[in-house]
Every structure is written in structure tokens, then in C-alpha cells.
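J.: What follows is each chain in one-letter form.
Protein chains: 2
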Amino acid sequence: MKLKVVTSDGKTGARTGGPSTRHLLREAAIELFMAKGYDGVSVAEIARSADAFPNQVTHHFGSKEALFVEAASRAVLRSAKQAELRTRDSKSNEDHTRKLISYLLGPGSPAVMMFAEAMLMARRKADLQEIIRETVAELHVAGEAAMVDTLMRTGWRVRTTPDIITRGFWSAIFGLALEKAALGERFEYSTAEAVALMMINLKGNFSDPRG
Amino acid sequence: MKLKVVTSDGKTGARTGGPSTRHLLREAAIELFMAKGYDGVSVAEIARSADAFPNQVTHHFGSKEALFVEAASRAVLRSAKQAELRTRDSKSNEDHTRKLISYLLGPGSPAVMMFAEAMLMARRKADLQEIIRETVAELHVAGEAAMVDTLMRTGWRVRTTPDIITRGFWSAIFGLALEKAALGERFEYSTAEAVALMMINLKGNFSDPRG
Chain H
6 MKLKVVTSDG
16 KTGARTGGPS
26 TRHLLREAAI
36 ELFMAKGYDG
46 VSVAEIARSA
56 DAFPNQVTHH
66 FGSKEALFVE
76 AASRAVLRSA
86 KQAELRTRDS
96 KSNEDHTRKL
106 ISYLLGPGSP
116 AVMMFAEAML
126 MARRKADLQE
136 IIRETVAELH
146 VAGEAAMVDT
156 LMRTGWRVRT
166 TPDIITRGFW
176 SAIFGLALEK
186 AALGERFEYS
196 TAEAVALMMI
206 NLKGNFSDPR
216 G
Chain V
6 MKLKVVTSDG
16 KTGARTGGPS
26 TRHLLREAAI
36 ELFMAKGYDG
46 VSVAEIARSA
56 DAFPNQVTHH
66 FGSKEALFVE
76 AASRAVLRSA
86 KQAELRTRDS
96 KSNEDHTRKL
106 ISYLLGPGSP
116 AVMMFAEAML
126 MARRKADLQE
136 IIRETVAELH
146 VAGEAAMVDT
156 LMRTGWRVRT
166 TPDIITRGFW
176 SAIFGLALEK
186 AALGERFEYS
196 TAEAVALMMI
206 NLKGNFSDPR
216 G
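Chains as they are written, first to last, in our numbering: chain H, 6 to 216; chain V, 6 to 216.
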């Protein structure tokens, strides 16, 4: 049985002997928003699922929109981590790139789409923009670190810096996810393959005439 | 003075001696949605601006969402055309790519963002998906044609096919536009530059070891 405890310093989310209310609310929000979309979920439902009160959402996050953006940010960072873990054993650069894209457009796509929606939501809202900015920066840093790691392990050559490849990769993934969500079954996989080929061309382990 | 005429065959938008009501509604929608966003504009306001009745929106487009998706589609196709016209005189591949991206993230960005929003709106809605699918296909066809034209004119070499480059380009542009909209002044131009370098690398007019 879960405890329903409202601490006096709820702002920090501190709660004795278990995950904080803030944490539980965010986890419930990730699950519910991902399943039913922003409009399909009420604050009351999220609170109920986290064994909390609706006003605790306002207290910890400020608004339903801010909770959505925080949930989407956490979800996309987890998806990125999963994509990295599942592609670690790739045997070639081509294999690695295709696996990354397949994961992010497949099992990882609800999180990527949720973050795309959060990005649209954050327009002209300074507090939400700040969460998006931090998340995009984290995606870039984590992606760059994973790439440097892969390059050191495999000796694959790249045409440009891991920083540039990572930034370009995420822009293309956000765009692909948007197209795939919009087109549903009508999405043409040749578009995903085009992005894969773009990345493979950049990361190609062939001898560069200028290298 | 504009005429307010409701024709019996309004479905085809036919109206004697002037642009059809359908056309006027779509143009008014482009202007108003681009200025004030989806939620900031009412159907009544669009109808008023097109000198039409609100029920004509329903008649010609079915819903406010469908009108938005049609308006966004037309707007992004126009922006793409403008981007092409304004970069025709580029002196090098690098210059061409940077000018394209600058236009689409600058003067062309309201249209690109509107289309990104329309893509999110079209999720799980078959009739809206069909409009998005046609528009994306048109963007690909027009982009490929423009690229083939440029390559024939300049003799620039590319690493892969114009079809792949065009598809990859638009995915990256949609992603970049989303990031720029979400981050506002916090958007880092190094991300746009990363996409430019990705494209330049693909389109580079250097000797390819495999060519």
C-alpha cells in the first residue's frame, strides 16, 4: 500500500522512506500522457495514479503544461539512453546508425513524439523553454559522449566532429518523428533510410581525401 | 468592395469573376493563423476576413483543424518555393546550403512551424494525414527537381542521390524549426550550422574516393 504523505517542505519533494511525490507524479504523468496524449489525461487522473492530490501537481510543477514538458523531457532522455545501450554491440557504422534510427522511430518513438509536442508547447513560454533547453543540451552531451566512446572502441573514422554529428542527428530525428507521427501508415521508410544514409555518409569509415 | 456570394455548387468553390470562397478562406486562414497561432484565431474571424460566413468554413474544409492543415500545407510549399528562388544564384554548394537553411529558419520559419504544428495535429486523423502526405510528397518532388537543376547548372558533385538528399534535408529542417520554435532566443545556431555541414558534406564538390 502506498502512503499518501504531504510534507511541509513539499517543494523539495522530500518524503520519508520512498520516492518523492514529485517523482511519483512525474512517473505517472509519463505513463498516462504517453498512452493517451496531452488532452486525454487530466491533472486529477495523474494525481490519483500517483496517490497524490491534484493541487500537488500545481505545487510541484506549476501547471499541467509544465508537468507535460518535464515528463516528455525525462522520457526522451531515457529513450536516448536505451537507444545507446541497444546499439552498443553494432558491428559496423551502417549497422549502428540504422539500429539507432530504428529504435528511436520504433520502440522509442512515443517518447520522441512526446518531446516534439513539448517543444511546440514551449513556444513563447520562458519557463518551459528552459526545461527544453536543458534537455536538448543533455541529449547533445550524452550523444557526443556515446559517439566518442564508440569511435575509440571501433576506430571508425568520421568526416566531421562528434558534436556536429550529434546535433545534426537529433534535428533529423525530431523531424523524422514528426513526419512519422503525422503520416502514420503512410510514412515512407525511404525518408528514414535517407537520414540513415546521410549519417552513414558523415560517419563513414572510409579514407577521406582531406583526412 | 468584395462580393459575398454563396453559390449552389460551393463545394467546388466556383464563383463568377473572382477568386473562389474556398481560396479566400484559405488565404485569410494562412495570414491569421501565422500571425496569432491556432488557438488565437476563431473560425468566425477567418470567415469575416474572407467576407464569408462561418458555415462556409465547415462546408469547404470540414473543420477548423482541416482548414489549418490546408493553410499550413500551402504556406510551407510557398516558403519552399521562395527558398529555391532566393538561393538560385548561389556561388558555391556551401553558400547554397547555408542560404536555404537561413531562409527556412528565418523569413520562412513561420510557415515551416505552422506545418510542423499541422503534422502533430494530423496524428491518428486519416483525412488530415492525406493532406500532409501530399504536401510532403510535393516538397520532396519540388526539392529534388530544384536540386537536379542546380547540379546540371553548376556541375557540383554529390555523394548520394538528390532524392535522398532532399528527404534528409526536409527531415532535418522540420527538426530544426521545432527546436528553434521551442528555444526562442535560447536556440543555438551551432545546431543549424551542424545541419548545414551535414548537407554540405553530402553535397560537397570534392573528389569522392569511391566516385
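Be a bit skeptical, because a hint or two may be false.
A pair counts as met if it fits within one copy or between any two copies, since identical chains are not told apart.
Listed below are the simulated PhoX-like cross-link pairs for lysine-lysine, each with C-alpha atoms no more than 25 Å apart in a straight line [as the list claims (entries may be wrong)]: (1) Lys86 / Lys130; (2) Lys69 / Lys96; (3) Lys104 / Lys130; (4) Lys104 / Lys69; (5) Lys130 / Lys41; (6) Lys41 / Lys96; (7) Lys41 / Lys104; (8) Lys130 / Lys96; (9) Lys69 / Lys41.
None of these hints come from the bench; they were simulated from the model.
J.: Take the hints in turn and mark each one as holding or not.
T.: Evaluation of the provided hints:
When the C-alpha separation of Lys86 and Lys130 is checked against a cutoff of 25 Å, the pair qualifies neither within a copy, at 28 Å, nor between copies, at 31 Å. Taking the closest pair of Cα atoms, Lys69 and Lys96 never come within 25 Å of each other, the shortest separation being 43 Å inside a single copy and 50 Å across copies. In this assembly of identical chains, the alpha carbons of Lys104 and Lys130 never lie at most 25 Å apart, being 35 Å within a copy and 29 Å across copies at closest. Taking the closest pair of Cα atoms, Lys104 and Lys69 never come within 25 Å of each other, the shortest separation being 34 Å inside a single copy and 39 Å across copies.
In the homo-oligomer, the alpha carbons of Lys130 and Lys41 lie at most 25 Å apart both inside one protomer (24 Å) and across protomers (15 Å), since each shortest distance falls under that limit. Proximity of Lys41 and Lys96 under a CA criterion of 25 Å is satisfied in neither setting, with 37 Å inside one chain copy and 50 Å between copies. When the C-alpha separation of Lys41 and Lys104 is checked against a cutoff of 25 Å, the pair qualifies neither within a copy, at 27 Å, nor between copies, at 40 Å. For a Cα distance limit of 25 Å, the shortest separation of Lys130 from Lys96 qualifies neither inside one copy, at 44 Å, nor across copies, at 39 Å.
Within a single copy, Lys69 and Lys41 get their C-alpha atoms as close as 14 Å, and across copies as close as 22 Å, so both meet the 25 Å cut-off.
In summary, the structure is inconsistent with hints 1, 2, 3, 4, 6, 7 and 8 from the numbered list given earlier, while agreeing with the others.
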